[in-house]
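Novice: Residues per chain are reported as follows:
There are 2 protein chains.
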Amino acid sequence: MSAPRWLSPAEQRAWRTQLALHKLLMHRLDRELQAHSLSVNDYEILVNLSESSGRRMRMSDLADATIQSRSRLSHQISRMEAKGLVTREECRDDRRGTFAVLTDEGWDTIQRVAPDHVAGVREHFIDRLTDEQLDALEKAYRPIVEHLKELR
Amino acid sequence: MSAPRWLSPAEQRAWRTQLALHKLLMHRLDRELQAHSLSVNDYEILVNLSESSGRRMRMSDLADATIQSRSRLSHQISRMEAKGLVTREECRDDRRGTFAVLTDEGWDTIQRVAPDHVAGVREHFIDRLTDEQLDALEKAYRPIVEHLKELR
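Taken in sequence, the protein lines are chains P and X. My numbering numbers the first residue of the first sequence as 44 and each following residue consecutively. My numbering numbers the first residue of the second sequence as 44 and each following residue consecutively.
Rather than coming from a laboratory, the hints here were simulated on the basis of the structure. Fair warning: there could be bad hints in the mix.
Pairs count within a copy or across copies, as identical chains cannot be separated in the list.
[Said to hold, decoys possible] DMTMM-like cross-link-like pairs, simulated, lysine to aspartate or glutamate; straight-line CA separation at most 25 Å:
{"#": "1", "residue 1": "Lys182", "residue 2": "Glu148"}
{"#": "2", "residue 1": "Lys126", "residue 2": "Glu189"}
{"#": "3", "residue 1": "Lys182", "residue 2": "Asp147"}
{"#": "4", "residue 1": "Lys182", "residue 2": "Asp159"}
{"#": "5", "residue 1": "Lys66", "residue 2": "Glu166"}
{"#": "6", "residue 1": "Lys192", "residue 2": "Asp170"}
{"#": "7", "residue 1": "Lys192", "residue 2": "Asp107"}
{"#": "8", "residue 1": "Lys66", "residue 2": "Glu132"}
{"#": "9", "residue 1": "Lys66", "residue 2": "Asp107"}
{"#": "10", "residue 1": "Lys126", "residue 2": "Glu166"}
{"#": "11", "residue 1": "Lys192", "residue 2": "Asp159"}
{"#": "12", "residue 1": "Lys192", "residue 2": "Glu75"}
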């Protein structure tokens with residue numbers, strides 16, 4: 044094995060800044076969503092379902108879309124079922140399994156919470172970057188996202 | 044209240060790319076660390092302790108450094124204690140509480156694992172960005188990190 048290629052100081056700064064940015068941002072958005080008794084994970088699931096045809100998704104597709112394991116998603120959906128935000132439905136014609144379905148209460152919740160959440164995303168992230176920075180960010184990260192999706 | 048300022052398509056792309064990048068990257072690095080029976084959270088704690096004077100940190104400082112709640116950190120440290128990687132030490136002269144201390148086994152572990160982990164960070168992130176992109180990333184995100192730290 045060759046000697047490890049340690050990160051340079053500039054590489055280390057960039058790496059640690061990316062990690063800190065994400066953690067602090069999720070921590071903040073989680074706190075703001077607590078006012079609506081939601082977490083960022085809850086919110087992400089509500090958004091995915093609300094944008095899907097019939098406001099429903101196969102559990103396997105929802106796990107892919109939210110980048111988590113089936114078992115972690117299953118626990119998350121159980122907690123959201125208990126709050127009345129989603130239900131599970133078995134599909135009889137389709138052996139590929141269970142759907143998660145947004146309830147009317149889930150739909151009302153995402154409609155009510157979205158304006159506050161988007162204001163937080165703007166205040167703590169989007170509006171602190173120029174259009175050029177946002178564009179550069181997407182161009183830099185998009186190929187990495189594609190690479191990592193292929194590895195899954 | 045004024046009408047919500049929804050994200051533009053370009054803003055939405057940048058935001059979702061940042062979220063996906065982080066999740067996929069942590070998922071991948073977690074998988075690679077599993078070969079060493081560690082998670083990215085374990086690794087981060089080992090790094091922080093190994094870089095600290097006396098290989099020890101106050102629990103409150105370690106919670107700040109790793110951006111998590113005291114209670115979450117406490118659970119994490121208990122799991123790492125069970126693996127022999129860290130111990131807790133009460134400080135008699137100092138009412139400010141408990142220290143987390145790296146064990147010799149914890150120190151050996153970080154020395155052994157670091158080359159693989161840094162190779163993964165390079166392969167899946169750092170080496171896919173130019174020096175200019177890394178610099179731009181740090182310049183864009185650093186002020187946001189400062190803003191979010193002030194809010195904590």
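Novice: Could you tell me which of the hints above the structure violates, numbers in ascending order?
Specialist: Of the numbered hints given earlier, those the structure breaks are 1, 2, 3, 4, 8, 10, listed in rising order.
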